[in-house]
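Using the sequences provided together with the hints, build the complete structure.
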Amino acid sequence: MNSTQITHDNIEEWLFEYCEGTLTNAEKLKVEAFIRQNPEYREELSFWEESYLPQLSATPLPPEAQQLLKTNYFHLKFSTLLKCMAVLSALSFILFLYFKSQNEENQNQQKQIFKTDKQIRQSESPIISEKRQLEKPTIVKANNPKLEILNTKKVESLQENNLKVPDFAVSSDSAIFEPADLLPILNNEVTGEHKNKEPVANPLTADHTEKKEPGKSNITKAKLSPAQRRKVAREIRKAQDLKEQEKLMNGNKPYIVPSDQTMQ
Amino acid sequence: MKIEKYNEAVKLYYNRLFWYVAKSADDNDLAKDIVQDCFAKLWVERKNIDENKIKPWLFSVAHNSMVNHIKREKKSVSLEPSGLHEPQVPINSEFEIKEVIEKCLEGLPSIQRSIIILKDLEGYDYKEIGKITGLSMDQVKVYLFRGRQKLKNSIKEIKLLL
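Protein chains in written order, with this note's numbering: chain A, 10 to 273; chain B, -18 to 143.
Derived from the structure by calculation, the hints contain no laboratory data.
Keep in mind it's a predicted model, so treat the numbers as computed, not measured.
A portion of the hints provided could be inaccurate.
[As the list claims (entries may be wrong)] One side only, chain B facing chain A, incomplete, derived with CB under 7 Å:
#  : residue
1  : Ile(-16)
2  : Val(-9)
3  : Tyr(-5)
4  : Asn(-4)
5  : Phe20
6  : Lys22
7  : Ser46
8  : Ile82
9  : Lys84
10 : Asp101
11 : Leu102
12 : Arg127
13 : Ile136
[Said to hold, decoys possible] A partial selection of chain B residues facing chain A, derived with a Cβ cut-off under 7 Å:
#  : residue
14 : Asn(-12)
15 : Lys79
16 : Tyr107
17 : Arg129
18 : Lys137
C-beta: ideal position from N, C-alpha, C; glycine also.
Listed below in structure tokens is the structure:
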């Protein structure tokens, strides 16, 4: 605004500034006073006010604008990706350990089941049953001059293994024969040592044999061929091994009903 | 600038930018092309643009594109004020002041139209308009006065006729 006075020449500029809102309060009052003095400019002021553009109404976006919109797409930051990878790897490692432990447990259980089955099968094998029969007290007829050993499976097994019953000499007054007592004697026979000495006590049946009086042994040595002696020794060793296995089994021994003959 | 901000800018400023270019250049097809080009540039330059200055950036790019296009096409429309183009306003019973103003606006030179649109519709002050159009504040004020005076005279003539 060049001049501070409102005149008919510069009234247009004053009205423009008045509508633009750039005047001070004093200048506004001055314009309003001039319009009051000159009412013909009141209409001019209204034309100035109407020259302002009306606000645009909200219109929907045209199709070409819709094409400009960008759709969200999945793009991870590298750090986020690394975190996800770490979490996933940790989870997979935990799962791997879990399934591995499960497999080991299953394998152990299967092994135990297999072992138990094997032990049961072993316990039911003829050797086991034979060994059991060996452990049972064998009744020998005392009044038989031929020293027959009767009703014992041990005798039967010996016969099956080509061992003759008469090879064993049984005293006439003996009533009970325990096969474990045979072991030290046969050991001596196999090794050929201490033939004239008393038989060495079997460590497995040491307690039992100590209770007996050595002088009253009912068994007298029969003459056996070396092959037979070795066979008997093998059998006895087998019996020893089985006994050890049975000890290890600790209660897994199946119950075997004693035969009628032994009950007599 | 994030994708959400870009989409928000499209929704907020597409119609305004189109209206600005269409009225300033008096060419709807050109306005569509220029606005599309503006938003394409915005997406490309999104990392270099301040989120709070998207709107002036868009109007500035649109204005420059429009001026360059007009210069290229060597249109008869001059950027300098070259006298009043008398508007052809239809006078009928369903006369509305909005239509009159729009018709009167078509008769103004491009630079005056641009400044009036930026001032009235977008609410920019003289300084911001100067940044967008590349003019000084005094130039903006002069062009605005001349353009609005022409609009006022057109409205006055029409009203007096009625």
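We went through each hint and held it up to the structure:
1. Taking 7 Å as the C-beta contact cut-off toward chain A, the hint placing Ile(-16) (chain B) at the interface holds, the least distance being around 5 Å.
2. Given the 7 Å rule on beta carbons, the hint for Val(-9) (chain B) holds: about 5 Å separates it from the nearest Cβ of chain A.
3. Interface hint status for Tyr(-5) (chain B): upheld, as the beta-carbon distance to the closest one in chain A is roughly 4 Å, under 7 Å.
4. For Asn(-4) (chain B), the interface hint holds, since its Cβ comes within 7 Å of a Cβ in chain A; the closest pair sits about 6 Å apart.
5. Interface hint at Phe20 (chain B): satisfied, since its Cβ lies 5 Å from the closest Cβ of chain A, which is below the 7 Å cut-off.
6. Proximity of Lys22 (chain B) to chain A is violated relative to the hint, the smallest CB-CB distance being about 12 Å (cut-off 7 Å).
7. Checking Ser46 (chain B) against chain A: minimum C-beta separation of about 16 Å lies over 7 Å; hint violated.
8. A hinted interface residue such as Ile82 (chain B) counts as satisfied when its beta carbon comes closer than 7 Å to some beta carbon of chain A; here the least separation is about 6 Å, so the hint holds.
9. Restraint check, Lys84 (chain B) versus chain A: the minimum CB separation of about 12 Å is more than 7 Å; hint violated.
10. Checking Asp101 (chain B) against chain A by beta carbon gives a least distance of about 4 Å; that is within 7 Å, so the hint holds.
11. Interface hint at Leu102 (chain B): satisfied, since its Cβ lies 6 Å from the closest Cβ of chain A, which is below the 7 Å cut-off.
12. This hint is violated: Arg127 (chain B) has a C-beta 10 Å from the nearest C-beta of chain A, more than the 7 Å allowed.
13. For Ile136 (chain B), the suggested interface contact is upheld, since its CB lies about 5 Å from the closest CB of chain A, less than 7 Å.
14. A distance limit of 7 Å between C-beta atoms decides the matter here; for Asn(-12) (chain B) the minimum to chain A is near 5 Å, and the interface restraint holds.
15. About 5 Å separates the beta-carbon of Lys79 (chain B) from the nearest beta-carbon of chain A, less than 7 Å, and the hint is met.
16. Among the interface hints, the one on Tyr107 (chain B) is violated; its C-beta lies about 9 Å from the nearest C-beta in chain A, farther than the 7 Å criterion.
17. A distance limit of 7 Å between C-beta atoms decides the matter here; for Arg129 (chain B) the minimum to chain A is near 5 Å, and the interface restraint holds.
18. For Lys137 (chain B), the interface hint holds, the least distance from its beta-carbon to any beta-carbon of chain A being 5 Å, beneath 7 Å.
Consistency with the previously given hints fails for numbers 6, 7, 9, 12 and 16, ordered from lowest to highest.
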